[in-house]
Amino acid sequence: MSDLAIRVDNLSKQYRIGRLQHYQCTFKEMVSAKTKIFCSKAGSLFRGKPNIETKFNDSIWALKNVSFDVKKEEVFGIIGHNGAGKTTLLRILSRITRPTGGHAKIYGKIGSLLDVGTGFHPELTGRENIFLSGSILGMKRIEINHKLDEIVAFSEIDKFIDTPVKHYSIGMFAKLAFSVAAHLEPDILIIDEVLAVGDISFQKKCIERMRNYASSGKTVLFVSHNMETVLSLCKKCILLEKGKLVENGDTVRVVHRYLLKSFLR
Amino acid sequence: MNDSLSSNEIRIIKIEPPKGWMSLNLRELWEYHELLYFLIWRDVKVRYKQTILGATWAVLQPILTMVIFSLFFGKLAGIPSDGIPYPIFSYTALVPWQFFANGVNQSSISIVGNADLIKKVYFPRLVIPISAVLAGVIDFVLAFIVLIGLMLFYGIVPTWKIIFMPLFLFLALITALGISLWLSAINAQFRDVRYAVPYLIQAWMFVTPIAYPSSLLNEPWKTIYGINPMAGVIEGFRWALLNANTAPESTIIVSTLVAIITFLGGAIYFRRLEALFADVV
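These protein sequence lines are chains A and B, in that order.
Numbering follows this note's numbering, in which position 188 of the first sequence is assigned residue number 188; successive positions increment by one, without gaps.
Numbering follows this note's numbering, in which position 50 of the second sequence is assigned residue number 315; successive positions increment by one, without gaps.
These are computed hints drawn from the structure, not numbers from a lab.
Beta carbons: idealized from backbone N, C-alpha and C, even for Gly.
A portion of the hints provided could be inaccurate.
[Unchecked claim] If you only want the chain B side, here are some residues facing chain A, beta carbon under 8 Å, derived:
1. 280
2. 303
3. 307
4. 309
5. 314
6. 317
7. 543
8. 544
[As the list claims (entries may be wrong)] Straight-line Cα separation of at most 30 Å, DSSO-like style, residue types lysine-lysine; simulated pairs:
9. A/71 / B/310
10. A/204 / A/147
11. A/71 / A/204
12. A/36 / A/71
13. B/384 / A/244
14. A/244 / B/284
15. B/314 / A/105
16. B/310 / A/159
17. A/147 / A/109
18. A/147 / B/284
Please model the entire structure based on the sequences and the hints provided.
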């Protein structure tokens, strides 16, 4: 129990897709249908959740009864095809969205990097954005002050640090954004594909940073389509498919199954 | 059990489906006060970027409105102003009014405006509308400095009552925040709010004693008028700063009650809708 970082128990998330289906013929029927929609919309203002069952003709389980454990100090991989539910899972664990069913427990402070440059404002300078983005990602002001030089050095763009980021190239922007993120120190770090930034040497630097991070006693939850990175970083892995967990365990075996499925498709 | 956990300083976060009404969780809100600070700082820094006049706009808006009001309502229509020169009578009202109006304008669309944050990272969502309203305090201070200049110009010396002014500013803040919590949460689901707010503000301005004094009303209507919390705020400002002889106690009491109820209701409603935000913005 004490070496557990994350416990996921029967987690499910339902999303609605498409719009209301209504076949109205006469004006009167149309009005009554519209009134019904309006009432249900107005009702949802107070219910605090959309009424999926009655309102929408179609809904999809982005996750269905997913359960797994992540131990402390593990780099844990999540793989699967597009639409398998990986991002939904990360969003639920990051507390951005709430599950429809099941629950999860997280033991420790959690930090999530679901995008590059979360909270960056184009009008502010690189330096200002370090403070803004760092604070949004959960760093304390003292901590940012303390790490400022390190972050700037890591980003390799110290010349432009006092330029508004709207003048940055995409690569520069990504480097700075990842540098801020790389200096987060939560107990559990959730990462979604953000490694795909910068040039190869910068990517290597980032992967190295993640490896060090894990060996310093932190937990990393990692989503990637790059099997090479997954194999080199993660000992354990889960494979998601259409919202369901289909494989859980040793990375080599899980990746093997994933690749096999990809070829069979 | 719990002691052994806290000694390791491990905090357990439970993730569950949303169920009903949420507590306000002020403790967590306090833990994020630095984020609140940085979001206010961002809004203030960015507000007048790439403008020629910059922060002058904060002063220009109430001054121009004051000039128009003085010409049309003061001179042409001859609306009374409790024996106070009309320009300063209206400007004293316009300063807190602009704070309120801009706060509601910015804050009511703030959840949708910060969608990229809400979809990517966790923090107490209340931070967003609160920061949007608080960022207006800087504009208020600038406009208030001009107000002091005007008072000197008209030879109005503030009395000890001036110490109550911050309380009325706080009342305006609570009112703006209360309204914004409702509107920003609704706007997350239904973008109608964005189009409705300008009309709401405009209509609200006419039912608030900015261009005219509330002394035009007799009791009990004057007290009932306090249902509009901004009526209390503005009469309070005039009373505290201009030494207007009508002490508006009853209006202010009603206004304060209405503001608190609006605020608490808004906060509770916002917390309930919060779980939806990431899925609908």
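Exercise. When the hints from earlier in the document are held up against this structure, which numbers fail?
Worked result: 4, 6, 9, 12, 15 and 18
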